[in-house]
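Sequences listed follow chains U and Y, in order.
In terms of the UniProt record's numbering, the first sequence is residues 1 to 394.
In terms of the UniProt record's numbering, the second sequence is residues 1 to 247.
Just so you know, not all the hints are guaranteed correct.
Calculated pairs, SDA-like style, for lysine to any residue (alpha carbon to alpha carbon, straight line, at most 25 Å) [unchecked claim]:
{"#": "1", "chain 1": "Y", "residue 1": "Lys-162", "chain 2": "U", "residue 2": "Glu-348"}
{"#": "2", "chain 1": "U", "residue 1": "Lys-347", "chain 2": "U", "residue 2": "Arg-56"}
{"#": "3", "chain 1": "Y", "residue 1": "Lys-47", "chain 2": "U", "residue 2": "Arg-23"}
{"#": "4", "chain 1": "Y", "residue 1": "Lys-47", "chain 2": "U", "residue 2": "Ser-99"}
{"#": "5", "chain 1": "U", "residue 1": "Lys-352", "chain 2": "U", "residue 2": "Leu-277"}
{"#": "6", "chain 1": "U", "residue 1": "Lys-317", "chain 2": "U", "residue 2": "Ala-293"}
{"#": "7", "chain 1": "U", "residue 1": "Lys-309", "chain 2": "U", "residue 2": "Trp-324"}
{"#": "8", "chain 1": "Y", "residue 1": "Lys-58", "chain 2": "U", "residue 2": "Glu-361"}
{"#": "9", "chain 1": "Y", "residue 1": "Lys-162", "chain 2": "U", "residue 2": "Gly-279"}
{"#": "10", "chain 1": "Y", "residue 1": "Lys-58", "chain 2": "U", "residue 2": "Gln-322"}
{"#": "11", "chain 1": "U", "residue 1": "Lys-273", "chain 2": "U", "residue 2": "Trp-255"}
{"#": "12", "chain 1": "Y", "residue 1": "Lys-47", "chain 2": "Y", "residue 2": "Ser-77"}
{"#": "13", "chain 1": "U", "residue 1": "Lys-388", "chain 2": "U", "residue 2": "Gly-63"}
{"#": "14", "chain 1": "U", "residue 1": "Lys-352", "chain 2": "U", "residue 2": "Asp-385"}
{"#": "15", "chain 1": "Y", "residue 1": "Lys-148", "chain 2": "Y", "residue 2": "Tyr-113"}
{"#": "16", "chain 1": "U", "residue 1": "Lys-354", "chain 2": "Y", "residue 2": "Asp-190"}
{"#": "17", "chain 1": "Y", "residue 1": "Lys-47", "chain 2": "U", "residue 2": "Trp-219"}
{"#": "18", "chain 1": "Y", "residue 1": "Lys-162", "chain 2": "Y", "residue 2": "Glu-108"}
{"#": "19", "chain 1": "Y", "residue 1": "Lys-88", "chain 2": "U", "residue 2": "Asn-61"}
{"#": "20", "chain 1": "U", "residue 1": "Lys-354", "chain 2": "Y", "residue 2": "Glu-108"}
{"#": "21", "chain 1": "U", "residue 1": "Lys-347", "chain 2": "Y", "residue 2": "Ile-152"}
{"#": "22", "chain 1": "Y", "residue 1": "Lys-47", "chain 2": "U", "residue 2": "Pro-153"}
{"#": "23", "chain 1": "Y", "residue 1": "Lys-148", "chain 2": "U", "residue 2": "Gly-63"}
{"#": "24", "chain 1": "Y", "residue 1": "Lys-162", "chain 2": "U", "residue 2": "Gln-20"}
{"#": "25", "chain 1": "U", "residue 1": "Lys-314", "chain 2": "U", "residue 2": "Trp-324"}
{"#": "26", "chain 1": "Y", "residue 1": "Lys-148", "chain 2": "U", "residue 2": "Asp-181"}
{"#": "27", "chain 1": "U", "residue 1": "Lys-314", "chain 2": "U", "residue 2": "Arg-128"}
FYI, nobody ran anything at the bench for these hints, they're computed from the structure.
So the chains spell out like this:
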Amino acid sequence: MASTTASHATPPSLSLPPSQFARLQPHAYLLAHLSPPAASNQPSLRANGRAASQFRVTSANAGSLTHTNGSAVVRIGDTAAVCGVRAEILNTEDIASWSVSHASDEQTDDKKSKSEEGDTDSQDKEDRAHIQDLNLLVPNLSLSTGCAPGFTPGAAPSALAQSLSHQLLSLLHSTRLVQADDLRIWYQPPNLEAEALGEQMDVDSEESGNPAREIKAFWVLYIDVMIISLAGNPFDAAWASVLAALRDTKLPKAWWDDDNETILCSDDIADAKKLSLRGLPIASSFCSFEADAAAGWRSVIIPDAEEQKAQEQKQKKQGMQQRWVLADPDGYEEGLSQERACVVVDKENDGKAKTVIVKMEKHGGWALDGDDMRQLVDVSAQRWDEMKRILDQC
Amino acid sequence: MIGPTASLSHLHRADGSASYKCPATGYNILGAVNAPVELPGRRDALKPEEATVEVFVKPGTTTAGVGERYVEGLLRSVLGKVVLGREKGFPRRGVVLTLAIVGGENIERGDSYLTVFPALLHAGLLSMISASVPLSMTFSATLLGVTKSGDIVRDPSPAAAKAAVSLHVFAISSKNHLLLNESEGRFDFDTWELARQNAVTICQGSSKGSDGDVNMEEEKNASGNGFIRETVEDQIYSDYVYKLDSI
Numbered sequence: 001m002a003s004t005t006a007s008h009a010t011p012p013s014l015s016l017p018p019s020q021f022a023r024l025q026p027h028a029y030l031l032a033h034l035s036p037p038a039a040s041n042q043p044s045l046r047a048n049g050r051a052a053s054q055f056r057v058t059s060a061n062a063g064s065l066t067h068t069n070g071s072a073v074v075r076i077g078d079t080a081a082v083c084g085v086r087a088e089i090l091n092t093e094d095i096a097s098w099s100v101s102h103a104s105d106e107q108t109d110d111k112k113s114k115s116e117e118g119d120t121d122s123q124d125k126e127d128r129a130h131i132q133d134l135n136l137l138v139p140n141l142s143l144s145t146g147c148a149p150g151f152t153p154g155a156a157p158s159a160l161a162q163s164l165s166h167q168l169l170s171l172l173h174s175t176r177l178v179q180a181d182d183l184r185i186w187y188q189p190p191n192l193e194a195e196a197l198g199e200q201m202d203v204d205s206e207e208s209g210n211p212a213r214e215i216k217a218f219w220v221l222y223i224d225v226m227i228i229s230l231a232g233n234p235f236d237a238a239w240a241s242v243l244a245a246l247r248d249t250k251l252p253k254a255w256w257d258d259d260n261e262t263i264l265c266s267d268d269i270a271d272a273k274k275l276s277l278r279g280l281p282i283a284s285s286f287c288s289f290e291a292d293a294a295a296g297w298r299s300v301i302i303p304d305a306e307e308q309k310a311q312e313q314k315q316k317k318q319g320m321q322q323r324w325v326l327a328d329p330d331g332y333e334e335g336l337s338q339e340r341a342c343v344v345v346d347k348e349n350d351g352k353a354k355t356v357i358v359k360m361e362k363h364g365g366w367a368l369d370g371d372d373m374r375q376l377v378d379v380s381a382q383r384w385d386e387m388k389r390i391l392d393q394c
Numbered sequence: 001m002i003g004p005t006a007s008l009s010h011l012h013r014a015d016g017s018a019s020y021k022c023p024a025t026g027y028n029i030l031g032a033v034n035a036p037v038e039l040p041g042r043r044d045a046l047k048p049e050e051a052t053v054e055v056f057v058k059p060g061t062t063t064a065g066v067g068e069r070y071v072e073g074l075l076r077s078v079l080g081k082v083v084l085g086r087e088k089g090f091p092r093r094g095v096v097l098t099l100a101i102v103g104g105e106n107i108e109r110g111d112s113y114l115t116v117f118p119a120l121l122h123a124g125l126l127s128m129i130s131a132s133v134p135l136s137m138t139f140s141a142t143l144l145g146v147t148k149s150g151d152i153v154r155d156p157s158p159a160a161a162k163a164a165v166s167l168h169v170f171a172i173s174s175k176n177h178l179l180l181n182e183s184e185g186r187f188d189f190d191t192w193e194l195a196r197q198n199a200v201t202i203c204q205g206s207s208k209g210s211d212g213d214v215n216m217e218e219e220k221n222a223s224g225n226g227f228i229r230e231t232v233e234d235q236i237y238s239d240y241v242y243k244l245d246s247i
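Sequences are here, hints too, so could you generate the full structure?
This is how it looks when you write it as structure tokens:
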């Protein structure tokens, strides 16, 4: 009897299946993957099988939604973001401060565009004035889709969703990705009578032959991102989807109809124009994983930065790495690390010229320093090439 | 250049409070900390072994929006790492920091939040110290703007910050760690590194020996960490002045 039960119910072994170990001791589980025993000859890999600076498999698909002006689905591993861009018309008559603040700019702008197109400096200022002051870009990110267990579907936007929306907007503004000129709807009044000319006379005598063209309306782009599945690193996926959707966006040809006094749009697809974007900024996120789970709080006296660095290098020489910087962390890894970094880079001239950093951020710890950030920029530059290929294909 | 001013513990209902004013950027921040407090929600599902740090930012003229949520998240991650949340009496409790932007330029939707960020960090840290929250280190922060000609300007005014090619915020701990970096604009790595070194000098004071004793005093004042230290020293001095008098 005793022997049958022993053989029947397998002896209570002391080992656990890996999946259970991963839940019970997440930190030790990831650490065991990253620092395998020297005897085993295994490479240092993350629990998800990636190398430390390897990103997840990324795919992008543009133009999936038919009712939008531009849309894209970007999937990075198990994180998927859908982005739709919808353009709506904002009449200048509906802008309360328009006649006061911009009537004068308009004419100077008109003159400028005739004289020199390449004056990027003042053009930038114009862009900022119109896009930023009139809020022509309205991104919103929603996490309340049942994307992850922590977010109840249909709930109010969480703090994370709100801060991601802000990050998207401020990145759109600081990179000046969208050109304000694409969003303007102009009207050239016909040169009919002399009374109209009389008003313009004092402005510029050379232009008096032609009445100045004026902005009648703007396109406002509502950029909505839905994270339909969240497995870590929502910002990279969201930004890539915004970028892909904007590249896909086509605005119909629109003009001011003087007889009807409204804006009319052409429904001919051949007339629609794509947005011309400035550059291709690509975001890459990282997290730093510490071997010592208690590093942040157990030792009340934290060593000086130089001391800590020397210590780290010594340990590295002995083959005991204490810290790993993981690219594109998944949800499991994000839960195990507090220090985050994000680098957004762009390359001028379609990747032939040097790398430009557009945004860099790092918070939540003190392990990453200048040298680490340099490496992260290099990794992000490589990621740029990869993402460009993916976005060009979609 | 006029240095910042700060004062500690002038709110009576809060456990700790501080006000911080930076004349260069024009921001005036009032901070209050209550710690440790029982939080209304059941927080066991989060990290029960640590105190939860909560940060609320209130802009001067409007209600808090998405930008404030973002800044709150950043402040939480910086301060949450510095606060020793496992000290006696802190686990399962909350450290609640409220920061009100009392004076300074309005930050509108989609504007960069970097200009006000160092002031928020300083006010938050001083409030924490005023409430005697145990911290593993102190820090100081600085805002640097890179102009079109490549010059690095310290604490640019809101107008100068708008015109700058890139803006950088660095928080350097009292032990020279890089605690936080936020940079935006267009720049390359060498510019960033230069700005970082500048920030270390500003926060720590120059490591080089100074030439005269007048300079010494000034330099001590000028460094960010020195400023935090002096503010706290002054407060302690005025708190214990009755003891000194009785000696």
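Now for the hints, and whether the structure bears them out:
For the suggested pair Lys-162 (chain Y) and Glu-348 (chain U), the alpha carbons sit about 23 Å apart, so the restraint of at most 25 Å is met. Proximity of Lys-347 (chain U) to Arg-56 (chain U) is assessed by CA-CA distance (about 22 Å); at most 25 Å being required, the pair is judged to hold. Proposed proximity of Lys-47 (chain Y) and Arg-23 (chain U) is supported: the alpha carbons are some 15 Å apart, at most 25 Å. This hinted pair does not check out: Lys-47 (chain Y) and Ser-99 (chain U) have alpha carbons roughly 55 Å apart, beyond 25 Å.
With a CA separation close to 17 Å, the supplied pair Lys-352 (chain U) and Leu-277 (chain U) stays within the 25 Å bound. The straight-line distance between the Cα atoms of Lys-317 (chain U) and Ala-293 (chain U) is roughly 21 Å, inside the 25 Å bound, and the hint therefore holds. Distance hint between Lys-309 (chain U) and Trp-324 (chain U) is fulfilled; the C-alpha atoms sit about 14 Å from each other, no more than 25 Å. Proximity of Lys-58 (chain Y) to Glu-361 (chain U) is assessed by CA-CA distance (about 23 Å); at most 25 Å being required, the pair is judged to hold.
Note on Lys-162 (chain Y) and Gly-279 (chain U): the hinted pairing holds, with a Cα-Cα distance of about 21 Å set against a maximum of 25 Å. Proximity of Lys-58 (chain Y) to Gln-322 (chain U) is assessed by CA-CA distance (about 39 Å); at most 25 Å being required, the pair is judged violated. Of the supplied pair hints, the one linking Lys-273 (chain U) and Trp-255 (chain U) holds, its CA atoms being roughly 13 Å apart against a limit of 25 Å. A hinted pair counts as satisfied when its Cα atoms are at most 25 Å apart, and Lys-47 (chain Y) with Ser-77 (chain Y) qualifies at roughly 14 Å.
A distance of roughly 17 Å separates the Cα atoms of Lys-388 (chain U) and Gly-63 (chain U); the hinted pair therefore holds under the 25 Å criterion. The hinted pair formed by Lys-352 (chain U) and Asp-385 (chain U) meets the criterion: a straight-line CA distance of about 10 Å does not exceed 25 Å. Between Lys-148 (chain Y) and Tyr-113 (chain Y), the direct Cα distance comes to roughly 21 Å. Compliance with the 25 Å bound is thereby established for this hinted pair. Restraint check for Lys-354 (chain U) and Asp-190 (chain Y): satisfied, since their Cα atoms lie roughly 12 Å apart, inside the 25 Å limit.
Simply put, Lys-47 (chain Y) and Trp-219 (chain U) have alpha-carbon atoms about 46 Å apart, too far for the 25 Å limit, and the pair is violated. Simply put, Lys-162 (chain Y) and Glu-108 (chain Y) have alpha-carbon atoms about 13 Å apart, close enough for the 25 Å limit, and the pair holds. At roughly 53 Å between alpha-carbon atoms, Lys-88 (chain Y) and Asn-61 (chain U) are farther apart than 25 Å, so this suggested pair is violated. Taking the CA atoms of Lys-354 (chain U) and Glu-108 (chain Y), the gap is near 33 Å; set against the 25 Å cutoff, the hint is violated.
The straight-line distance between the Cα atoms of Lys-347 (chain U) and Ile-152 (chain Y) is roughly 23 Å, inside the 25 Å bound, and the hint therefore holds. About 23 Å separates the Cα atoms of Lys-47 (chain Y) and Pro-153 (chain U), which keeps this hinted pair within 25 Å; it holds. Restraint check for Lys-148 (chain Y) and Gly-63 (chain U): the C-alpha separation of about 39 Å exceeds 25 Å, so the hint is violated. Note on Lys-162 (chain Y) and Gln-20 (chain U): the hinted pairing is violated, with a Cα-Cα distance of about 52 Å set against a maximum of 25 Å.
A C-alpha spacing of about 15 Å is found between Lys-314 (chain U) and Trp-324 (chain U), which places the hinted pair at or below 25 Å, so the restraint holds. Note on Lys-148 (chain Y) and Asp-181 (chain U): the hinted pairing holds, with a Cα-Cα distance of about 24 Å set against a maximum of 25 Å. For a cut-off of 25 Å, the pair hint linking Lys-314 (chain U) to Arg-128 (chain U) is broken: about 50 Å separates their Cα positions.
Hints 4, 10, 17, 19, 20, 23, 24 and 27 from the earlier list are contradicted by this structure; the remaining hints agree with it.
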